[in-house]
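Number of protein chains: 2
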Amino acid sequence: MYAFNDKILVVDLDDKTFETLKPPIGYYKKYIGGSGLGARLFIDYGGLEASPLSKNNPLIFMVGPLTGLTYPLAGRHFACARSPLTTFWGQGSSGGYWGAKLKKAGYDGLILLGGSDKPVYIVISNNDIEIRDAQGLWGLDSFKAEEEIKKDIGDKKFSVATIGQAGENRVLFAAIQNDRGRVVGRTGLGAVMGVKKVKGIAVYGDREVSVYDEDMFKRRYYESIKKVRKAPATKILRTHGTNALFEQIYEYGDLPVKYWSLGVWDIEKIRKLSGPSMTQAILRGVKACYLCPIACGREFEIKEGPCKGVSGHGPEYETVAAFGPLMLIDDINFIAYAGDLCNRYGIDTISAGSVIAFAMELYEKNIIDKNETDGIEIRWGDKEVVIKLIRMITFREGFGNYLADGVRRLAERYGEQAKKLAVHVKGLEFPMHDPRAFESWTLAYATSNRGACHTYASTYYIEKGLTFPEIGYDKPLDRFDYKSKPLAVKKLQDIYEFLDSMVMCRFHLYGGLPIRDVLDTFNLATGWNLTVDDALLIGERIFNLKRWINNKFGVDIEEDRLPEKIFIPLSEGGTKGHIPHWNEQIYEYYRLRGWDERGIVKKETLERLDIP
Amino acid sequence: MYAFNDKILVVDLDDKTFETLKPPIGYYKKYIGGSGLGARLFIDYGGLEASPLSKNNPLIFMVGPLTGLTYPLAGRHFACARSPLTTFWGQGSSGGYWGAKLKKAGYDGLILLGGSDKPVYIVISNNDIEIRDAQGLWGLDSFKAEEEIKKDIGDKKFSVATIGQAGENRVLFAAIQNDRGRVVGRTGLGAVMGVKKVKGIAVYGDREVSVYDEDMFKRRYYESIKKVRKAPATKILRTHGTNALFEQIYEYGDLPVKYWSLGVWDIEKIRKLSGPSMTQAILRGVKACYLCPIACGREFEIKEGPCKGVSGHGPEYETVAAFGPLMLIDDINFIAYAGDLCNRYGIDTISAGSVIAFAMELYEKNIIDKNETDGIEIRWGDKEVVIKLIRMITFREGFGNYLADGVRRLAERYGEQAKKLAVHVKGLEFPMHDPRAFESWTLAYATSNRGACHTYASTYYIEKGLTFPEIGYDKPLDRFDYKSKPLAVKKLQDIYEFLDSMVMCRFHLYGGLPIRDVLDTFNLATGWNLTVDDALLIGERIFNLKRWINNKFGVDIEEDRLPEKIFIPLSEGGTKGHIPHWNEQIYEYYRLRGWDERGIVKKETLERLDIP
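Chains as they are written, first to last, in our numbering: chain A, 1 to 612; chain B, 1 to 612.
Derived from the structure by calculation, the hints contain no laboratory data. Computed from a predicted structure; not experimentally measured. Just to be clear, a hint being listed does not mean it is correct.
All copies of an identical chain are treated as equivalent in the list; a pair is satisfied when it fits inside any one copy or across any two copies.
Under the rule of at most 30 Å between Cα atoms (straight-line distance), these lysine-lysine pairs were calculated in the DSS-like manner [to be verified]:
| id | residue 1 | residue 2 |
| --- | --- | --- |
| 1 | Lys420 | Lys552 |
| 2 | Lys483 | Lys16 |
| 3 | Lys258 | Lys157 |
| 4 | Lys7 | Lys308 |
| 5 | Lys420 | Lys603 |
| 6 | Lys118 | Lys383 |
| 7 | Lys370 | Lys602 |
| 8 | Lys552 | Lys565 |
| 9 | Lys370 | Lys118 |
| 10 | Lys118 | Lys552 |
| 11 | Lys29 | Lys388 |
| 12 | Lys388 | Lys475 |
| 13 | Lys230 | Lys308 |
| 14 | Lys235 | Lys370 |
| 15 | Lys565 | Lys157 |
| 16 | Lys419 | Lys230 |
| 17 | Lys419 | Lys565 |
| 18 | Lys218 | Lys420 |
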């Protein structure tokens, strides 16, 4: 098929063999690629029977039809597995070059089965696959491991995905990084890679994947590049990175302060952390993923203070928020340093920042004290303590060992007072957006298959003024109105699932390439003729397939609840007095989805969507 | 008041001060002593607001009116606190001499508040209280710490309660041991002591507590001693210890085999572990608690195999079952060694054996594998692995770190398959009795305030032939009949709560001192004039007070459920085909208790029982 390789590489780590799978054509038609096709293959390879931290949990890396083509914003890849953090469906995606190179090596995906007894790394070079000893690399951080693997191969053209010490130690929110700073951050897939004792995966390929209409596709590439360059969001993202709109996000009340308990903070402190301040203070250069004209990636260098001279990648908005206002820190130098440290150790900055901020609240409320925390006084804004805890999490030392299990399990250690304060859905820590600020986060967080997630159904863009006319949203929705949201969230989830099955960067939506545009490109590349309705149906199928998997893993309405703390209205700030309307929306949403009142996918829905 | 000291010693570990509390007389009248009065004081000292592993969790040691008097079977003491294992009400009791000495030192109880920065031990010698540095003792096992503290004090008359390394490391089922082998085993109170950094508590006192009718009481003492000596159970317990009826328990199907999955095992193996075999193989001597003519305690010495020459205390029935058939081990030498090791490290043998056996099942079912277990193959019956895991639990090393959190939390790491196999109520691992064998265990386990517990409402004695005519049970109940059980369990719970508030060893009931007898003794000692109905009312009040505390901690019907695994009928053995009837009993029990359908104590019930 055009735009696909029709091949998945399956590596069996138990006996160090590999084979090439040619998925049935129906799989591609029904699930395209990315996390959609990943979910389907997950079932075939025993994912439903495997527990998250057994080596039988298949770890699946997927690209899509647009990945690696000469087309902007299509350089990403997905990783999927059962999440050790939530115990439910887990997935995450990352930018850089790794995905494009996997595609050009001739594969639409890579499935890791079983586990090795001793540390290994995998080299995929076009059709040449090698599993090499990595005992000398075990214990290295994720950047250092990447460097050593490249050195070992002796060819800088390779992209390498690695785990740091956190993945080795099965920190439940361990990440998989690639290309020195790009990260599959969420749901702890680094721990799955750690259990398999795979330290790294190096890929390189130079095959061009053919597309259906080469000429038109080439022309479209140049047009698309122009469109992206012209889009206002591009300039903003290029200049100030994903943290560009920090102040605006704060004004909406969307930015959490003091672990979701305050509506306002000192505006001067907010300004110190905003994109423009960050640009001025620490930006050394920008960094683009494969063929991306936006280049939202940041390279920083700290120019003053105790960390002077330290340089690295980031920080993204999520990191600035999590290590900033969430824990009452207003020092961008420190945040850049902390975020970089998380990348090196290989832990998700959202979960890490959240669990540390949560510990600060537990400490303040006397739910824990220093006799439980190895003598450490975990006070709001204490930067030295934060660095110490990041290290203790990574190595599972003392109290860090409990933090390494995430917010939900930490709370469960201390009973119902703590549970009432813990902010997560399905065990995944909230990203840095507040459902009190945009009603659409309510259902987006509640029903996202991987737990509280800001990248599925960012309906809040509609609330902020962006339109999606292709799917019926040609004007903004009121951010506090909840009646319009069940349908909007459902539709956005469906279209996002489709877009993710092609594996595109989310920023195309805001960067000049709306849904219609990308769909046309997809049709040019594949020679298919999908309509928006087809796309919605495919997205709906994928979303429901993952929900069905989650139902098998024990998810029902109880796991769709928002945390109690988020129903406490804030007395000041952009969300003053507003709370999410979960109760008022959830059953309508279930009805629209074709799920029963317990949140279980109905048989007729599975049949309608042709899910086996 | 006669038989009471009217004094509780309150030690504040934050500022190393202490004071003497004189509880209101109404407290004694309403809750007597033991865990009843302990629960009342727990509320006064901030227990409801404290999380289990904060130093604010008050750790309360209690004795009762009969403790330390010249009377048999009254040498025990209770410890109470919020349980780190369940996060709900926690309590346990222990024999030996420690309780009698605390009473004779002039106290009805000891409350530890706050926590020390550095390890300390406490010396209570009549009215002389000292808090001493214990930095040199931190890291010692519980026996060695007892020895060193005695040496340090220079007076062998002291009894010492200590924690081992498990309590220091906050293993969630860490125990508090005293008198070289007597143990407050359940609900993890050793971890609470560890958080407070109290390594040991040495007590000695020589005051005689006066009783109401000295002459009659003295005469009653001699009569009681005779009665106990004559009781058939005494001879059995003295000769073979608590493990005397191992075979009989197996015949009923009450003994769990292969982590609650098999109904039968090789009868020769069962015989090898029975009391008589144990007596023959390893008994070196018997050991009695304060003034106890039964002396069920065992001193063992291993006479062959790799542990030849090792001697120690135990093993009790629970330990033999947990480290025996539960994990398919039939070597009594090994079991004695493993149990002794648990005592030294300071961990509960029931929870430790359970969590290890559970790990064996997870390993067999591929829910975990050796890449998650630090390379250890956790196979059924592997004795070397068991010893290794006991150590790893104690020091929270690697995979042992997860085991140290108990069965419930271990299961939660691995999702719904694991949760379906985990055998606990409220997070407390089942003791070694199977609800499929005696229907009364169903409600006893479901509703005991500390979680699955065999010492409250051992209604199964009625099912096995013992009678309690004072409370209306003058003939045995059928063991598989469930209709009679809600009332029987309620009544037994109430009377047991009363007996525990006096602080008596359970064996008086089977050892010649039935309820009537003990109640008369109580009246002689105190000068009160309680009837059996009064006793039942006091017991009911205490039971409901603890339930009310648990409601505050989040307990409702969801926490009263039995584990799914126990509803799978066994195809062979003494319980063949029978499963517990939880659904059929629970609402009737709630009705009898005056709780609502969610298991919450109704306001009118609190008022009726005069609970504030």
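Check your understanding: What label fits Lys230 with Lys308 when the C-alpha limit is 30 Å: within, between, both, or neither?
Key -> neither (36 Å within a copy, 83 Å between copies)
**Message:** Regarding Lys483 and Lys16, is the shortest C-alpha distance of 30 Å or less found within a copy, between copies, in both, or in neither?
**Reply:** Cα proximity of Lys483 and Lys16: none, with 54 Å in one copy and 59 Å across.
How do Lys419 and Lys230 come out at 30 Å by Cα distance, when the copy is not named: within, between, both, or neither? Cα proximity of Lys419 and Lys230: none, with 47 Å in one copy and 54 Å across.
Inset, instruction - Since the copies are identical, ignore which copy is meant and state whether Lys29 and Lys388 lie within 30 Å (CA to CA) inside a copy, between copies, both or neither. - result: Classified as neither: same-chain Cα gap 49 Å, cross-chain 52 Å, threshold 30 Å.
| Under a CA distance limit of 30 Å, which applies to Lys118 and Lys383: within one copy, between copies, both, or neither? | Only across copies: Lys118 and Lys383 sit 25 Å apart there, 37 Å inside one copy, limit 30 Å.
How do Lys218 and Lys420 come out at 30 Å by Cα distance, when the copy is not named: within, between, both, or neither?
neither (55 Å within a copy, 55 Å between copies)
Item to complete: Have a look at Lys419 and Lys565 and pick one of within, between, both or neither, based on CA distance no larger than 30 Å.
Response: both (9 Å within a copy, 27 Å between copies)
ask   = 30 Å Cα cut-off: does Lys388 pair with Lys475 within a copy, between copies, both or neither?
value = Answer is neither; intra-copy 48 Å and inter-copy 65 Å both fail.
Is it within, between, both, or neither for Lys420 and Lys552, if the alpha carbons may be no more than 30 Å apart?
both (27 Å within a copy, 13 Å between copies)
Point to revise | Same-copy or cross-copy closeness of Lys565 to Lys157 [CA-CA at most 30 Å] | key: neither (48 Å within a copy, 54 Å between copies)
Homomeric proximity label, Lys370 with Lys602: Cα distance no greater than 30 Å: neither (49 Å within a copy, 38 Å between copies)
Since the copies are identical, ignore which copy is meant and state whether Lys420 and Lys603 lie within 30 Å (CA to CA) inside a copy, between copies, both or neither.
Close across copies (24 Å), not inside one copy (35 Å); limit 30 Å.
In this structure, the earlier hints numbered 2, 3, 4, 7, 10, 11, 12, 13, 14, 15, 16, 18 are contradicted, and the remaining ones agree with it.
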